[in-house]
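Which chain is which? The protein sequence lines are A and B, in order. For the first sequence, this note's numbering begins at 84 and goes up steadily by one. For the second sequence, this note's numbering begins at 218 and goes up steadily by one.
No lab work stands behind these hints, which were simulated from the structure alone. Backbone N, C-alpha and C define an ideal beta-carbon position, used for all residues, glycine too. Don't take every hint at face value.
In silico PhoX-like links for lysine-lysine, alpha-carbon gap of 20 Å or less [to be verified]:
#1 B:Lys-350 with A:Lys-527
#2 A:Lys-168 with A:Lys-527
#3 B:Lys-470 with A:Lys-488
Derived CB-CB ranges, DEER-like [what the hints assert, rightly or not]:
#4 A:Gly-299 with B:Ala-413: 42 to 48 Å
#5 A:Pro-212 with B:Ala-473: 44 to 50 Å
#6 B:Asp-394 with A:Glu-276: 48 to 54 Å
#7 A:Pro-210 with B:Asp-370: 51 to 57 Å
#8 A:Gly-455 with B:Ala-413: 42 to 48 Å
#9 A:Gly-365 with B:Thr-262: 35 to 41 Å
#10 B:Lys-350 with A:Gly-455: 51 to 57 Å
#11 B:Gly-351 with A:Gly-365: 16 to 22 Å
#12 A:Pro-483 with B:Arg-382: 18 to 24 Å
#13 B:Gly-323 with A:Pro-483: 37 to 43 Å
#14 A:Ile-131 with B:Ser-459: 32 to 38 Å
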Amino acid sequence: MGKASVVIVGSGAGGAVAAWALAGAGHPVTILEKGRNLIPGLGTRGGIGSLFGNDEVKAGRYFENQDPQLEPRTTRSQTEAAKGKARSFTGDFNSLAVTVGGGTVHWDAKTPRFWRQDFKGLTLHGPMPGANVADWPLTYEDLATYYYEVEARLGVQGDVSRMPAATLAQAPRRHPFAMAPNPPMHAGSLLAEGARTLGYRPYPFPMAVNSRTFEGRPRCNSCGFCSGYGCPINARGGAAVSFLHPALLAGARLIPRAFAHRVETSADGRRATGVAWRDTEGVSHKESADIVILAASSIETARLLLLSAAGAHPDGLGNRSGQVGRNLMFHYFSLGVGVFDEDVHGWRGPSSTFTLDDFVGPDIGDAAKSAGLPYLKGGICEVGGAFLLLEEAQAYAALPGNWGKPHKELMRTGLLRSHVAGLSMVGEDMPQLANRVDLDPAIKDVYGFPVPRITHSSHRFEQAASAAIAPKLAAICRAAPGAIAAFGLGYPSELAGVGPASTAHIMGTARMGEDPGASVVDARGRMHELENVYIADGSVFASSGGFNPTLTIMALSLRMARLLGR
Amino acid sequence: MELDVHRRSFAQAMGTLCLISLLPGGGRGESLSSAQPGGAGPFLTQSEMETLRAVVARLIPGPPDDPDPGAREAGVAEAIDALLGAFSLRAPPIHAGGPFSGRAGGARDDFADFVPMDALAELGWRIRIEGSKGLAEREFAGPVVGLQAVYRDGLARLGSNAAKRFGARFSVLTGSDQDRLLSEGADDGVRSLVGAALAHALEFMYGPPEYGGNRGLVGWAYTRWAADDQPRGFTDDEVSGSGGGSLCLAEPKARALVESFLGALSPRPARTPSLWSDCGKAGKT
Chain A
84 MGKASVVIVG
94 SGAGGAVAAW
104 ALAGAGHPVT
114 ILEKGRNLIP
124 GLGTRGGIGS
134 LFGNDEVKAG
144 RYFENQDPQL
154 EPRTTRSQTE
164 AAKGKARSFT
174 GDFNSLAVTV
184 GGGTVHWDAK
194 TPRFWRQDFK
204 GLTLHGPMPG
214 ANVADWPLTY
224 EDLATYYYEV
234 EARLGVQGDV
244 SRMPAATLAQ
254 APRRHPFAMA
264 PNPPMHAGSL
274 LAEGARTLGY
284 RPYPFPMAVN
294 SRTFEGRPRC
304 NSCGFCSGYG
314 CPINARGGAA
324 VSFLHPALLA
334 GARLIPRAFA
344 HRVETSADGR
354 RATGVAWRDT
364 EGVSHKESAD
374 IVILAASSIE
384 TARLLLLSAA
394 GAHPDGLGNR
404 SGQVGRNLMF
414 HYFSLGVGVF
424 DEDVHGWRGP
434 SSTFTLDDFV
444 GPDIGDAAKS
454 AGLPYLKGGI
464 CEVGGAFLLL
474 EEAQAYAALP
484 GNWGKPHKEL
494 MRTGLLRSHV
504 AGLSMVGEDM
514 PQLANRVDLD
524 PAIKDVYGFP
534 VPRITHSSHR
544 FEQAASAAIA
554 PKLAAICRAA
564 PGAIAAFGLG
574 YPSELAGVGP
584 ASTAHIMGTA
594 RMGEDPGASV
604 VDARGRMHEL
614 ENVYIADGSV
624 FASSGGFNPT
634 LTIMALSLRM
644 ARLLGR
Chain B
218 MELDVHRRSF
228 AQAMGTLCLI
238 SLLPGGGRGE
248 SLSSAQPGGA
258 GPFLTQSEME
268 TLRAVVARLI
278 PGPPDDPDPG
288 AREAGVAEAI
298 DALLGAFSLR
308 APPIHAGGPF
318 SGRAGGARDD
328 FADFVPMDAL
338 AELGWRIRIE
348 GSKGLAEREF
358 AGPVVGLQAV
368 YRDGLARLGS
378 NAAKRFGARF
388 SVLTGSDQDR
398 LLSEGADDGV
408 RSLVGAALAH
418 ALEFMYGPPE
428 YGGNRGLVGW
438 AYTRWAADDQ
448 PRGFTDDEVS
458 GSGGGSLCLA
468 EPKARALVES
478 FLGALSPRPA
488 RTPSLWSDCG
498 KAGKT
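Produce the entire structure from the sequences given, and follow the hints as far as they go.
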């Protein structure tokens, strides 16, 4: 008898890693991907090409991104929800790339590990008023070996000897990185020096970018089109090039443009029998399998579970607890901006080459006390970045009426492109029951299914942390050699780039936990209520940490797949 | 997907054949930028084009209002027209190809080979450009006003406002009169037009020329933008060293603009900007 057949929904970070591990272990694997395949040669012996280029226009035209014209999302605040308002916005909201390889086709590729404390927040730091803090049912040590294996496969650069002792105490590493850091970006070096002056500890940002030829893919040439842009030369590791490609070579089957809309279950509701999906002609198909793995990203996985309601699962698949879709988390972005007389070309390079994690926390000082909260936490920072040309033009035009001569004059200065260095912080979000994904009661997508509706309001925790830390980000920028002005932009700034909605980090909605009454999956990623359905994306996060989540999604997926194969 | 096959065939028969016969290269981007100014493009009429050229010239001015070429010189209006008529072209100029433009090495211009759209991607862009037109297969999330209508109606509004207020065509008014009409926020049609035209003007002025704008790379020349750099990329020194230069601006007006923009970024700057204190010492490029 052969190995169990597996169907995976989603070919991004979680799905590709599971496909790689399970196909490599001899399972028949089928991957259903809603998006197109935009990677020529993927899964062929001839090697991988690229349709991406240094092209800002294409990136803004839903080439790899979800087209909100076809698949809009709706949103509302907690207050609006309480007043019974169905939605206050319909359109593009926190959509990840919808294409083979998912968000990692254009990710920033920053790969910090979560810290030990992130997995045990409730035990270590206690509850937070108005939030739903919980421990994960696993520890950093449970994930460490999978972190390492994923890093080795992605080709992560970094320098352990330059990492702060405090970081290594929270996220211990037994191995060096696969390669040395990229050439340091000038703007980042200036801010890093400013940070050191003030006693902070910047270091080279671990990232899945090649500083040397790796697995047949070339060294990064610092072209400047990184975060938000597909790599023209495949110098960046990711779900598609690092995992999906070898998975397909090992025999996994990929079906692009396959929209999974229902997990089919047995009459008693205890097992999934497969996944129903639609092709672009609207024709229905069913992929039967022994094991179903959901990795469609937090918002879409929750939606799929809710769309899969059945007799034995009246409120959505595996939702007896009522937890499916809840505890939706983003990261709250705060910014520091330094202005320089010289051209610091902060766009030239892989978005940023330095990080600092001094603001991760927890901080129990005055800012927490004055917010009436037991503690505050921030997150990891990208040190030194700037705008590309069209991004700059759009930023100036965001000021009402700013067109014509004034706009052109600003473009001539190149202020946001050449004379600023940015410092952005990924602030931890508190999980809240009222922040959730459910099905919009009226709006449908192109396939005719209800779109996901996002109800979200920031917690005082994120707001107070952002307000307290933004001035510190400004102080670092101000201390950089040659800085002539500096700004801190945090809560309550309404500017683009600040706040929760400016992140592509989406977590929660199918929390991992030991208690089936308060969580959706167990420590292995298996749904409490189903014997053979697993979740392998950011949905399962019990806390959001102050770190880019993709590496942790991949490590969790790899652990799930390895335990499943046993 | 359930596309409007009849209309598509009609468009192909009329629009595509006429246009393609004029353009060597069959709908490739480089051909878009060689479309003749003044000629009717894929969608807008000659008179609509005349108004649109005047509009974009106010959004991104060129000579004599500004020393450097602007949207008119960059061919922005022609590029907008190509987008509005994208589905009358054999290869809709929506997503340029990759990976290389051929301008920094690489054997050829891959950008000029627009990526073919599958049925679903095409449906999304048809809805965006043509609108939902009351078709059930386009109105799953409600009716959508397309860009074609936004431009056509907005340009007509501008024309009638110009006639009413100044008794002349928009394109022959003085710059300040044109600005006055463009700034009429109370007119929904004009406001939508200006919003769309500004977004597109920026794309076509500062994006790759394969989309039809940025002719002669004028949008990259005056901004000294050198990021069309693949596969050459940047050397370690270019990444890690100072770019030199100075933010010093010749015109006091430009300085005031930078200061007011920075002021708008943050009501509470961490330090009062003293942007120009080092002007004398720093070398200008």
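- request: Kindly indicate which numbered hints from before are broken by the structure, ordering the numbers from low to high.
  value: none
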